[in-house]
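Chains B and P, in that order, give the protein sequences. Numbers given in this note's numbering equal positions in the first sequence, counted from 1, plus 293. Numbers given in this note's numbering equal positions in the second sequence, counted from 1, plus 293.
Accuracy of the hints is not assured; some may be wrong.
Same chains, same label: a pair holds when it works inside one copy or across any pair of copies.
Dumping the calculated DMTMM-like pairs for lysine to aspartate or glutamate here, alpha-carbon to alpha-carbon at most 25 angstroms [claimed, not checked]:
hint	residue 1	residue 2
1	K534	E698
2	K653	D475
3	K534	D515
4	K313	D345
5	K313	E526
Just so you know, the hints here were simulated from the structure itself, not pulled from any lab data. Keep in mind it's a predicted model, so treat the numbers as computed, not measured.
2 protein chains.
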Amino acid sequence: MAIIVQKYGGSSLADAERIKHVARRIGACRERGDDIVVVVSAMGDTTDELIDLAHRMSGSPDPREMDILLSTGELVSCTLVTMALRALGHDAISLSGAQAGIRTDGSHSRARIVELDTQRVRGELEQGRIVIIAGFQGVTGEMDVTTLGRGGSDTTAVALAAAVQAERCEIYTDVEGIYTADPRLVPQARRLDEVGYEEMLELASYGAKMHPRAIELGAAYDVPILVASSFVEGPGTLIHKGANMEARNRVRGVAADRNVAKITLAGVPDRPGIAAALFEPLAQEGISVDTIVQNASLERTTDLTFTVARTDLKRAVEVVEPLSRSIGSQGIVTAERLAKVSVVGTGMQNAPGYAASMFKALYEAGINIEMITTSEIRITCLIDEEQVPNAVQALHAAFRLEEEE
Amino acid sequence: MAIIVQKYGGSSLADAERIKHVARRIGACRERGDDIVVVVSAMGDTTDELIDLAHRMSGSPDPREMDILLSTGELVSCTLVTMALRALGHDAISLSGAQAGIRTDGSHSRARIVELDTQRVRGELEQGRIVIIAGFQGVTGEMDVTTLGRGGSDTTAVALAAAVQAERCEIYTDVEGIYTADPRLVPQARRLDEVGYEEMLELASYGAKMHPRAIELGAAYDVPILVASSFVEGPGTLIHKGANMEARNRVRGVAADRNVAKITLAGVPDRPGIAAALFEPLAQEGISVDTIVQNASLERTTDLTFTVARTDLKRAVEVVEPLSRSIGSQGIVTAERLAKVSVVGTGMQNAPGYAASMFKALYEAGINIEMITTSEIRITCLIDEEQVPNAVQALHAAFRLEEEE
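My request is simple: use the sequences and hints to build the entire structure.
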C-alpha cells in the first residue's frame, strides 16, 4: 500500500464548506486504498490577519511570540479537517508540527527542518488512521515552536513525503496546475502536463504558486510533486525528474514577480571589502539579495544597486543605512514599484537567441529594461511594475507558448 | 518581592486596543515592584466561534481534536499580550499551558489539574520577566492538549497563584466586582467590598461571573482573590477567608441562573437502585445533576424530576432515554425555560425566617415556585425563566440589600 502525502492551501480551507469539501476529497482518496498523510495550511487569510494583529501590538513583534501566534492557524485547520473526516466515518487524527516529529533550528519565522522523526506518523498510519498535520511549523530541541516561513506548508509536505517515502506529494491549491504564464494576465496561457524541478524552481521563484524550498527539497529527495486544484478535478502538473532529463531547448513559461524593491547606494568608495561589509549583515538578517549591479567607476566611487523582496525592503534599509554612513557612501535611494519578468526553460543556456528574442519583444511592447539577470534556464528582466501585464503577454506571444509542445 | 497573579477574561481582550490597554495595566503593576504572572482567556468570542466551526464539521466533534482547537484561542491572546508588553519596554514571555507545567488528567473538555510544576514559571520570573500564560488549558502525561472546561482560565489563575504562593490572585473582568444582585436587573444593586469563599461559591454557582471551581481552589489553598474591572479603576471585591469568619447572619446577595433545564421521568417503578441506575451514568458523562425531587408514590410508581444545566440537556436526555425504557418508565418530559433564583449569605442556616421571607416576597410578586433547594448559606427557588427580573428585584428589595451593611 502506497503512502500519499497531500497538502491543502489556505484558499482550499477558507471556510467550513471548503473544509468539508477537502475532507470528502481526502476520504475518497483513502477509499482507493492508499495511506494518506495530509498537511494543511491555515484557513484563508488567517495568517495575514494574525500578522496584522501582531503588528498592531508592536512595530517589531518578538519572533518567538510571532511563531507561537502564527502556528495556531494551522492547528485550527488541522483539527477541523480531522473532525470533518471523522464525521464522514474515517478514522483520523491531527498532529501538530511538534507531534509529527518536525524538528527545526531556532531561526524563528524562517526555521529550517533539521530532522524529521516519522515514528508517530507511521504509528498512526499503521493503526489505519488518516494523519492530518499542521503545516508550516516545527519545534526546536528545546520544544520552542518555530515556523518555516511563507510557503512553509509546501516544505512540510514535501519533507514528510521524502521522510515516509511517499509515492507522491500532491499540492492542492486554487490553480489547476502550472501554466505557461499567469492565466489572469494571459488568457491563452496553457497548463503544462509536466515540468522538471529546475524549471519549476525558476517558475516558482518568479511567480508560480509554490515555494522554491519545497521544490528544491523535492528535487533533492526525488519526490514527484503533483500541483492540482482542490476545487475542480483535473490532471494538474506533475513536477518530476523525468520531465527534463532531456533538455527541450525551448521556453516553457513566463513568470512575473512583483515582490521586488531596489536599493541603490550612491557614491560608494571603490575599494575591496565593501560588498562583503554590505551583504554579510543582510544575509545574517535572513534577507536574500537578488540582482546586484555595480557601475564601473572613474572617480574611485561607484553606485551599487541590488534588489530584495519588497517585503524585506524596510528591514534591508535598516541594516544598510548605518553601513552606508560608515563606509562613506553619499546616500541610499530606494525604488519599490518594480517587478521581474522571466522566461524559463531548460536548454536555453545553449541557445543565445532566446535573450535577444526576449529583449526585442519587450522593446516592441515599449517596455524599458532596468536590469538583466540570467541563470542556466532563465532570463529575467527588471521592469516597471505597471508594465507587467504588457510584458507577460508580449513574451507569451513572442515564444508562442499557447501552442501545444 | 510578592508575586501577583492576574487573570484577564475574553471581554478585556476583545480587540487590539483592549489588549494594549491590558498590557499597560500589567506594565503599571510591574512598575510598582511585584513579580507578575498573567493568565489570559481567548479574545472576545473566539472560543464560541471555534466551537461553532467545530460543530459545522461534525455533530459530535472528537473531544481530543476539540481541545487542540480551543486551546489555540488562548495561545493567540497570550502571544499578543506579550508582544504588547515588550513594545512597552517590559521583558515578557508567553507560555502555553504545557510550558507552564499544568498537567491534567485525560478528560478532554473538562480536564482536572493533577500537578502544577512551577519550575519554568519561577525561572522566567527570576530573570525579571512578566510571564503570560495561556489559560484554560493543560497537557496530559502523554503530552496531549486538554482544556479545563468553561471558566477554566479562572481555575488556571487560582491554581497558579496557589502553586507559586502568590500574595493575591486578581481576576479582571467586565464587572466592577461582586454585587448584591445583577446590576442589569437591579439598578440599586451594591458592590460588596469583601465576601467569603462559601458565599462567593454560591453566588458564582448561581450567576456571578466567576467559575465555582476556581473559588473552591482558592478556598482550599487560602488564595485571596480580587474580582475587579479591567476597564475602570476601582477597589473590586476581595474574596477571602476573613470575610466570613464570623457569620453575619444576613442575606448578602441575590443570584439568578438561567442555565437550567428540568427532566421528569414519569411513572418510574418505585424500587431500590433506580436512582443509582439513573444518576451514575450521568455522572460518568460529566453531567452535574442539581435539584432532585421524587414524588411520594401510592401505586408503586413515582415521578422523578431533576435539573441539569440547560447546556447539558441534550446529552442528559441521550443518557437517560435508554435507561428510562429499560427501567420501564412511562416516558421523559423536559422543560427548558426555567431559572433559579437564590438568596445567599452565611448564617442563614440558623435563622429560618429567611426562607419564609423569600417565599413571601416571591408570592407577593406573583411568582410561582416549582422547586426549592437549600444549602447552609443559600435558599434557591426554581421559577419560570421569564420571571427572573421580577424575582431578583423583589428579593433585593425584600432583604434591603441596597442599604450599606
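Comparing the hints with the structure gives:
1. K534 / E698: within (18 angstroms within a copy, 84 angstroms between copies)
2. K653 / D475: Intra 21 angstroms, inter 79 angstroms, cutoff 25 angstroms: intra-copy only.
3. K534 / D515: within (7 angstroms within a copy, 68 angstroms between copies)
4. K313 / D345: The answer is between: 14 angstroms across copies meets 25 angstroms, while 27 angstroms in one copy does not.
5. K313 / E526: within (16 angstroms within a copy, 47 angstroms between copies)
The structure shown violates none of the earlier numbered hints.
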